[in-house]
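Protein chains: 2
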Amino acid sequence: MERTLISKIEEGLEQVELKGRILNLRKLGNISFVLLQDYTGQIQIVFEKMKDVKLGDLILVRGKVVKDDRAKTGFEIHGEEIEVISSSAEDLPFDISKKDLKLQLSNLLDFRTTSLRHPKVQAIFKLYDILLEEYETVMREEGFTEVKTPKIIETASEGGANFFKIKYFEKEAFLAQSPQLYKQILTGVFERVFEIGTIFRAEPHFTTRHINEFTGLDAEMGMIDSFYDVTAMLNKVFIKIFEGIKEKGQKYLDLYEVELSSVPDKIPHIKLIEIKKIIKDKYNYSIPTETDIDPEGERLASRYAKEEFNSDFLFITHYPWKEKPFYTMPNKENPEETLGFDLIFKGVEIATGSQRIHKYEELVENMRKKGVNPKGLEFYLETFKFSMPPHGGWGLGSERIIQLILNLGSVKEAVLFPRDVKRLRP
Amino acid sequence: MERTLISKIEEGLEQVELKGRILNLRKLGNISFVLLQDYTGQIQIVFEKMKDVKLGDLILVRGKVVKDDRAKTGFEIHGEEIEVISSSAEDLPFDISKKDLKLQLSNLLDFRTTSLRHPKVQAIFKLYDILLEEYETVMREEGFTEVKTPKIIETASEGGANFFKIKYFEKEAFLAQSPQLYKQILTGVFERVFEIGTIFRAEPHFTTRHINEFTGLDAEMGMIDSFYDVTAMLNKVFIKIFEGIKEKGQKYLDLYEVELSSVPDKIPHIKLIEIKKIIKDKYNYSIPTETDIDPEGERLASRYAKEEFNSDFLFITHYPWKEKPFYTMPNKENPEETLGFDLIFKGVEIATGSQRIHKYEELVENMRKKGVNPKGLEFYLETFKFSMPPHGGWGLGSERIIQLILNLGSVKEAVLFPRDVKRLRP
Numbered sequence: 030m031e032r033t034l035i036s037k038i039e040e041g042l043e044q045v046e047l048k049g050r051i052l053n054l055r056k057l058g059n060i061s062f063v064l065l066q067d068y069t070g071q072i073q074i075v076f077e078k079m080k081d082v083k084l085g086d087l088i089l090v091r092g093k094v095v096k097d098d099r100a101k102t103g104f105e106i107h108g109e110e111i112e113v114i115s116s117s118a119e120d121l122p123f124d125i126s127k128k129d130l131k132l133q134l135s136n137l138l139d140f141r142t143t144s145l146r147h148p149k150v151q152a153i154f155k156l157y158d159i160l161l162e163e164y165e166t167v168m169r170e171e172g173f174t175e176v177k178t179p180k181i182i183e184t185a186s187e188g189g190a191n192f193f194k195i196k197y198f199e200k201e202a203f204l205a206q207s208p209q210l211y212k213q214i215l216t217g218v219f220e221r222v223f224e225i226g227t228i229f230r231a232e233p234h235f236t237t238r239h240i241n242e243f244t245g246l247d248a249e250m251g252m253i254d255s256f257y258d259v260t261a262m263l264n265k266v267f268i269k270i271f272e273g274i275k276e277k278g279q280k281y282l283d284l285y286e287v288e289l290s291s292v293p294d295k296i297p298h299i300k301l302i303e304i305k306k307i308i309k310d311k312y313n314y315s316i317p318t319e320t321d322i323d324p325e326g327e328r329l330a331s332r333y334a335k336e337e338f339n340s341d342f343l344f345i346t347h348y349p350w351k352e353k354p355f356y357t358m359p360n361k362e363n364p365e366e367t368l369g370f371d372l373i374f375k376g377v378e379i380a381t382g383s384q385r386i387h388k389y390e391e392l393v394e395n396m397r398k399k400g401v402n403p404k405g406l407e408f409y410l411e412t413f414k415f416s417m418p419p420h421g422g423w424g425l426g427s428e429r430i431i432q433l434i435l436n437l438g439s440v441k442e443a444v445l446f447p448r449d450v451k452r453l454r455p
Numbered sequence: 030m031e032r033t034l035i036s037k038i039e040e041g042l043e044q045v046e047l048k049g050r051i052l053n054l055r056k057l058g059n060i061s062f063v064l065l066q067d068y069t070g071q072i073q074i075v076f077e078k079m080k081d082v083k084l085g086d087l088i089l090v091r092g093k094v095v096k097d098d099r100a101k102t103g104f105e106i107h108g109e110e111i112e113v114i115s116s117s118a119e120d121l122p123f124d125i126s127k128k129d130l131k132l133q134l135s136n137l138l139d140f141r142t143t144s145l146r147h148p149k150v151q152a153i154f155k156l157y158d159i160l161l162e163e164y165e166t167v168m169r170e171e172g173f174t175e176v177k178t179p180k181i182i183e184t185a186s187e188g189g190a191n192f193f194k195i196k197y198f199e200k201e202a203f204l205a206q207s208p209q210l211y212k213q214i215l216t217g218v219f220e221r222v223f224e225i226g227t228i229f230r231a232e233p234h235f236t237t238r239h240i241n242e243f244t245g246l247d248a249e250m251g252m253i254d255s256f257y258d259v260t261a262m263l264n265k266v267f268i269k270i271f272e273g274i275k276e277k278g279q280k281y282l283d284l285y286e287v288e289l290s291s292v293p294d295k296i297p298h299i300k301l302i303e304i305k306k307i308i309k310d311k312y313n314y315s316i317p318t319e320t321d322i323d324p325e326g327e328r329l330a331s332r333y334a335k336e337e338f339n340s341d342f343l344f345i346t347h348y349p350w351k352e353k354p355f356y357t358m359p360n361k362e363n364p365e366e367t368l369g370f371d372l373i374f375k376g377v378e379i380a381t382g383s384q385r386i387h388k389y390e391e392l393v394e395n396m397r398k399k400g401v402n403p404k405g406l407e408f409y410l411e412t413f414k415f416s417m418p419p420h421g422g423w424g425l426g427s428e429r430i431i432q433l434i435l436n437l438g439s440v441k442e443a444v445l446f447p448r449d450v451k452r453l454r455p
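Order-wise, the sequence lines are chains A and B. Count along the first sequence starting at 1, add 29, and that's the number in the working numbering. Count along the second sequence starting at 1, add 29, and that's the number in the working numbering.
Excised from the complex, chain A in its bound form:
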């Protein structure tokens, strides 16, 4: 007999053979109720007499399909035969049949290889899968070419610290903090490119916000008229992603009892200097002078967007020149500002982007002013001698989007096997 997938159970099927994991197991007198999960769904199986099986076992079940309007799928199975495919030698250190695992973060992550089996934990990564699918789809619809750029680089570019060093044969090399320079170069080739790739950041902070390895959703587009073309595209991307999550991920959202934010057709834009004034006047909070905006400032900016525009999304624009990397286009009308922006969602920055400098002389001059050593960046710089298009783009942190949608306490919960200052395992 061929295996039937749970999602394929329908009117007209009589006998089926199912395979899956026992997610829940109850007995009422002689009757046993098994909640079975395969990679397509869950279904209840009722046995009058049942072989001895354990919660968490992988089993094969043969039985009869019976209509049951009370069941989510519309069916239940009257089990007839059961075979154990794989059983546990020991009980799991926690009960996956409970509604919530209620583990501390460190336990949740220490026992990650099995805590992931809990349906509510799985749901995080089913949503993550939808996020990737929607991003891939919308980027292609908009004419972006998917690219893969190197993660091992010769020079700690972008003038920043926080690079991991690697031994590359006889040389020293670094792990890329972003595909920034490569994706810019590629606007001169494909005009529009996107990349889904690993981002390495050697940030030494141990917080619920920091991870040292994550998956970036990057994009870069040429032939723009202004950086508003970039924010408009990013707006469109979020509309599409949230539509996809709504359509395919509702059951996962339900497990967390969250309502998905709606994405405005036009996400409000506000200049950094203006929002800082509003935060001061309206919420009586002064952003520390050593930073352009701090997490509390982002939270209050978001609160303002919610109160004023009923939006969970907000573009903060025109970040100061001195805070932004050398490739960021200065604002011609006020050179102390740039055409750089952040996208804030539910109080947290999830994307950073800008228009970039596309003229060789301007780039050289901006690097000089910022004291960036062009050594090792010649390959990048030289490319700008050869007719690069006006361009801009963004980098999005993928895991953080899912964290914020589900209101998870730490971004680490949205990474399968997170890496932080203290955690390299599992």
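I should point out that these hints are in silico values taken from the structure, not numbers from a laboratory. It cannot be assumed that every hint is accurate.
Note: identical chains are not told apart, hence a pair may lie in one copy or across any two.
Stated by the list, open to error - EDC-like, lysine to aspartate or glutamate: derived pairs with alpha carbons at most 16 Å apart:
no. : residue 1 : residue 2
1   : K155      : E170
2   : K451      : E390
3   : K351      : E319
4   : K78       : E110
5   : K131      : E40
Use these hints to put chain B onto chain A, whose structure you have.
Below, chain B without anything else, positioned relative to chain A:
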């Protein structure tokens, strides 16, 4: 006026504004012919009088749409106005209007940021984009969940050499050679998973076959009955990928004058021991004893598959136990063999896979026999105490597929910015 994309030019449109790069420029008397490319296509523009522009310039053109049955798109543009958006300060070191760049590999790669602008070079990566899209699509259709596993790992797992070392804060860590252990663990969670991720290999060989960083297309599936479920799935994946390339990529294949191989409905399988005998008897070649099969052996195996089954694809199966990593399932009928396979395409190995051991005791025993130190792998090993499904999977080298489809001389041509022993730049 709004920009019109070249692919959107159609009957009924009169005036258009196009933006793109000048790929070719010819003059016949007073008439100028411009071949313009944007990210959706190419079109010819004819000017009676034209401003001075250069090959490679990015321009904006306003003009009239004229039907022209000789043109590939069915239209040409009678140019009226032209504006230069971005021009080169210097001429490119090569002529992108020529049919072929004819650069030596080292020059092609040294000048990579601009040699990529040649349409024939671009075509490689447009096909690569289709490959990624088709892989993502077919894996989702088959119920695989897309996952991202860590690239920084604590232990040089899989018992192999060739790991890059990194400094991870106060510790030493390694770059992952594959998502192997993680994807196996995840069959216990999602049953079917796939990953598109960076693979790091510190192989010190400088050849046309070796790159030190590439993009792997990995998959792992649970609840299999035998490893033939895995080869059947991989067969299905290639049918879908090649259909997609045929449908969307023909114009890129045409530039290379290649005919796409057809993928058999059932790719032939042959045991390693048998193909070795055939290679000896039929082609009089003895595979060196220190290896299971060498590149020449793979070439001849493939020749046999072509001659005997008219297939460019061949599964070689049952690789010897002593050559395969500890997680590979031994063949119960002959423990000197494993249930491991390679997929050969046009004479070259493009995928490696196997059924894996899924029982804790067997895994411990196989590691012991192979002398693999379980230290640092406890998180992996312990998971097998908890009802893991019978499972198997594969790892595919994405770049090599495109190399072989286009008959490129080196796999490095199929990587945007390749990394080899000598090359860390651009």
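Cα distance capped at 16 Å. Does K351 pair with E319 within a copy, between copies, both, or neither?
within (11 Å within a copy, 60 Å between copies)
Quick one: K78 to E110, C-alpha cut-off 16 Å, is that within a copy, between copies, both, or neither?
within (9 Å within a copy, 83 Å between copies)
When no copy is specified for K155 and E170, does a C-alpha distance of 16 Å or less occur within a copy, between copies, both, or neither?
between (23 Å within a copy, 15 Å between copies)
With identical chains treated as interchangeable, where does the CA-CA distance between K131 and E40 reach 16 Å or less: within a copy, between copies, both, or neither?
For K131 and E40, neither the intra-copy (39 Å) nor the inter-copy (63 Å) Cα distance is at most 16 Å.
Cα distance capped at 16 Å. Does K451 pair with E390 within a copy, between copies, both, or neither?
For K451 and E390, neither the intra-copy (44 Å) nor the inter-copy (31 Å) Cα distance is at most 16 Å.
In this structure, the earlier hints numbered 2, 5 are contradicted, and the remaining ones agree with it.
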